[in-house]
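Engineer: So the chains spell out like this:
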Amino acid sequence: MDYRAVFNVSAAGMDVEKLRLDTAALNLANMDTSAAPGTAPFKPLRVVSQAVVPSFQHWMGVEDLARAGGLPHAAVVEADAAPRIVHDPADPHADANGDVRYPGVNHTAEMLTVMTALRAYEANVAALGAAKSMASHALEIGGQS
Amino acid sequence: MNDFILPTAPIDATGDAAGVQAQAAAAPGGNFAAWFDHQLGALDTQMASAEKGVQQLAAGDAASLHDVMIRMEEAKLAFHLAVQVRSRLLDAYQEVMRMQV
Amino acid sequence: MSLIDPVTLSLVKSALDAGVMRQAAHAANIANAGTPGFQPFAVTFEENLGDVRSAIADGTLSSLDARDLPAARLAVQHGTQPVQLDAEVAAMSADALHFQALTHVLSQQYALVSLAMSSGDR
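Protein chains in written order, with my numbering: chain A, -15 to 129; chain B, 692 to 792; chain C, 37 to 158.
Careful: at least some of the hints might be erroneous.
The calculated label-pair distances, taken between Cβ atoms and stated as ranges, are [as the list claims (entries may be wrong)]:
1) B:E742 <-> C:N84: 52 to 58 Å
2) A:H71 <-> C:Q117: 44 to 50 Å
3) C:D87 <-> B:G751: 34 to 40 Å
4) B:M790 <-> C:N84: 57 to 63 Å
5) C:D122 <-> A:G82: 18 to 24 Å
6) C:D104 <-> B:V792: 40 to 46 Å
Since the hints were derived computationally from the structure, they do not count as laboratory data.
From the three backbone atoms N, C-alpha and C, an ideal C-beta is built for every residue, glycine too.
Chain A extracted, bound-state conformation:
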């Protein structure tokens, strides 16, 4: 990869933010799902991201900068969230105490994640566009002579 390496970085960023968005959407969709006592309930998920930074012996060029910047890598893990308990003995999923367990999804937090992820996704799209625009202009060098 050469001058195109910078596109990979933005693409990876988009992947991560898209994953964040999808995960938040999934959590929100399952907010009000309960499970019968004894069966596994939905566990809220969260995205953990880290930058994978390769080690270098020496620098070669811009593509190394792109890679050294760390391609963001994301994994989906289960969040450590206590279930939301609603007392409703009439519910078919109520346990012996009449409690129904719902996933511990924080609605506000998930909505905030959606907004942030969307904004960050768009920023990555902007970065991709800027890189493409710069490359186009570089190709026009000398085009007037």
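Take the given structure of chain A and dock chains B and C to it, following the hints.
Structural biologist: Just chains B and C, lined up with the frame of chain A:
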């Protein structure tokens, strides 16, 4: 603070252009034939550099597009210059030949 | 009848390299905006020019050695500041525009040289 210094392309036409510049400044009063010879050599180097840039681009090794484009433009202008000089020389020769003795 | 002054060309090339590196830095910073503990990249170039600036003002740039011009330097910010997304996008737009300005004026310079060489054509 960690500082990473990314080198620019180590070998390019710029170094030779510096030589061309020096030679061009020395041309008046100097040996024209030697100067023109040097120009053709510099042209050769620049065209080879441009071709290498294109090869690197095709092979996916071009570090930057602007570097390739600049090398090509430099080669193009150097070639243009050589052609112009040749044309003028030819014109001058023909004009001399047309003179009535 | 020479090509573009080699020192000027070298300076422009360095500025273009800095532009490309800046875009890579912005892309990496934006892509890692949500990565915990990520240290943002910054590129310094104009700050390192030092004597070159005064040489430009004096009109003595051409007398410098083209190979002595400072290259773009990439620095990693060791700070507690995480990536400020909006500021990063704004800076990226500005840097992209600056890159476009550089390529444009370079093309214009080449066009002038070409014109100078062609004038007199019958």
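Engineer: Look at each hint and say if it fits the structure.
Structural biologist: Structure-based check of each hint:
At roughly 33 Å, the beta carbons of E742 of chain B and N84 of chain C sit outside the given window of 52 to 58 Å. The hinted window of 44 to 50 Å between H71 of chain A and Q117 of chain C holds, with their beta carbons roughly 47 Å apart. Between D87 of chain C and G751 of chain B, the C-beta spacing of about 38 Å keeps the proposed range 34 to 40 Å intact. Restraint check, M790 of chain B to N84 of chain C: a C-beta distance of roughly 59 Å satisfies the suggested window 57 to 63 Å.
Our hint of 18 to 24 Å for D122 of chain C and G82 of chain A is violated, since their Cβ atoms are close to 49 Å apart. Hint check: D104 of chain C to V792 of chain B, Cβ distance near 56 Å, so the stated range 40 to 46 Å is violated.
In this structure, the earlier hints numbered 1, 5, 6 are contradicted, and the remaining ones agree with it.
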